[in-house]
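Peer 1: The lines below spell out each chain.
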Amino acid sequence: MSDLTRLTLAEARDGLSARKFSAVELNQSFIDAVARANSLNVYLVETPEKALAQAKASDERIARGEAGPLEGIPLGVKDLYATEGVQTTAASHILEGFIPQYESTVTANLWRDGATMLGKLNLDEFAMGSSNETSYFGPAISPWRRQGADGKVSDAKIVPGGSSGGSAAAVAARLCLGATATDTGGSIRQPAAFTGTVGIKPTYGRCSRFGIVAFASSLDQAGPIARTVRDTAILLRSMAGHDPKDTTSVDAPVPDYEKSVGASVKGKVIGIPKEYRLDGLSAEIAALWDRGVEWLKAAGAEIREISLPHTRHALPAYYIVAPAEASSNLARYDGVRYGLRKTGKDIVDLYELTRAEGFGKEVRRRIMIGTYVLSAGYYDAYYLRAQKIRTLIKRDFDLAYQAGVDAILTPATPSPAFALGEKGSADPVEMYLNDVFTVTVNMAGLPGLVVPGGLSSDGLPLGLQLIGRPFEEETLFALGQAIEEAAPKIGLPEAWWA
Amino acid sequence: MSVDLATVRRIAHLARIRVSEEEAPYLQNEINSILSFVEELNAVDVEGVEPMTSVLPMAMKKRADVVTDGNIVDKVLANAPAREDGFFVVPKVIE
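For the protein sequence lines, the chains are X and W, in the order given. Take the first sequence: its letter number 433 is residue 1521 in the working numbering, and every next letter is one higher. Take the second sequence: its letter number 42 is residue 389 in the working numbering, and every next letter is one higher.
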């Protein structure tokens, strides 16, 4: 049998329904691949028995003609999603050993549709990071490596991006057919761009946040990472939907997103925001963006320059809003109800020692910033002002869409992936700049899709981002498919790690 | 705006995170670096702009005020570092 891990999710689904192989065979191929990939540190917990039991049940349902839309499809789950009976840590020491007694709504939706679970995927601690280096369990490693013009491969370890670094690396290394991820400031899209995969952050409210460890509740949104636009469309349809357990989840029907993959993009108006052409934007990224414009033009779209004047304020405003919400959300980790506990002379001592030891450096820093900007005397100057600026950022997008723009095309990241330890060690802000193109989308609650656009001069993937109107993910899938078809095929790295 | 060491200690206490004497100056630098990064927001004209409360226009959903679950003491306590007779255990709070 050929290597089943090389199939796309859609191909695997079609192969299963044509009985070319069984769900157990498909899952076993991935379980074997995962077992050989420990050096990438992608899975924090492997659940092969669970995957095989689910696959067996899938085979029975397929035989009975009762297959769900994701029947027998092996997935990885970002370790920010609560999975009943399976350790969920948010990659933090403070939650080490935590066994949820309930299932997140999004993963429950996936199992309802027949998917199987290979395990829990690495991430930045509490999803705070852009390189997966803040994980308490060590960084996930990208399957990609730098390659010089002479063809020589560097053995420097490359980051898969973050926070959904394990999800992106697992998909790129063929260690699952797709993965769940989450995006608060770019955590789905930046790792997808860094690993040559496809990721979508849907509109705020499209997926339920119930059972996902909260970071910044007004920005957090669940979404998939997979190898193709079609595969992400298939996954999003199962993940999305209304949930009474999340009051911000939207009660609107979920379209069959796969139907929009391959739909014509003729006459679609694509906005090119001039403010994204930052001072010092690398020539390589600028050229990629120009090619993206040409591809969409060739597919029949109309290109229009637009202005989103408050763009430059999005990142600083984000670094007030997100830490503020995080400082409140993370107050629950007190050493009393779950997770780590360090005892001291009294209850305050218990709190302070538990949180000092349980949270990593970046998380402590963000909680402190958030506490400061919400503290008496500073609330108006920081938090309230940032929320007003957020209104202005959203208004920029509203005006562009009102003027007839269907979607906006931008680069996904200001650079290709970097090596471990290369960024942010001296100044945390250096790492934050990774999110400069993605964070506006969270601030405005919009959907954003990242598709591979080609390779950098050192052989690493580069991505393009499409930003849509609220709840018009279908337009993004149609445009994303047009880019996927036009862009050079970058292929996925061979398994040097196995 | 920038913070001094006393403020760093005050924030740490508000956040209930113990910060050592050696660690405080580093944290002070990092926090000030982030605060100077967000400083540019002071130049934005926000006169008359409403602060965002909901990113998309949606009415707050309400449900009937009734009990929807309960009698799951074991599940609630399953991950507690210390528990006794169906309660969480903490150090003595009231003298």
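In short, the hints are calculated from the structure, not lab data. No experiment lies behind these values; they were computed from the predicted model shown. In this text, a Cβ means the ideal position worked out from N, Cα and C, and glycines have one as well. Just so you know, not all the hints are guaranteed correct.
[Claimed, not checked] Sample of chain X residues facing chain W (criterion: CB under 10 Å; computed from the structure):
#, residue
1, V1241
2, K1347
3, S1348
4, T1459
5, R1478
6, P1558
Peer 1: Any CB of chain W closer than 10 Å to the CB of V1241 (chain X)?
Peer 2: At about 36 Å, which exceeds the 10 Å cut-off, the nearest Cβ of chain W leaves the hint on V1241 (chain X) violated.
Peer 1: Mind checking the CB of S1348 (chain X) against every CB in chain W and telling me if the closest is under 10 Å?
Peer 2: violated, 21 Å
Peer 1: Let's test the interface hint: is any C-beta of chain W closer than 10 Å to that of K1347 (chain X)?
Peer 2: This interface hint is violated because 24 Å lies over the 10 Å limit.
Peer 1: With a cut-off of 10 Å, does the beta carbon of R1478 (chain X) approach a beta carbon of chain W closely enough for the hint to hold?
Peer 2: holds, 4 Å
Peer 1: So, T1459 (chain X) near chain W? Judge it on the closest CB pair being under 10 Å.
Peer 2: holds, 4 Å
Peer 1: Hint P1558 (chain X) vs chain W: min CB-CB distance below 10 Å?
Peer 2: Holds - the Cβ of P1558 (chain X) comes within 10 Å of chain W, reaching about 6 Å at its closest.
Of the numbered hints listed earlier, those contradicted by the structure are 1, 2, 3.
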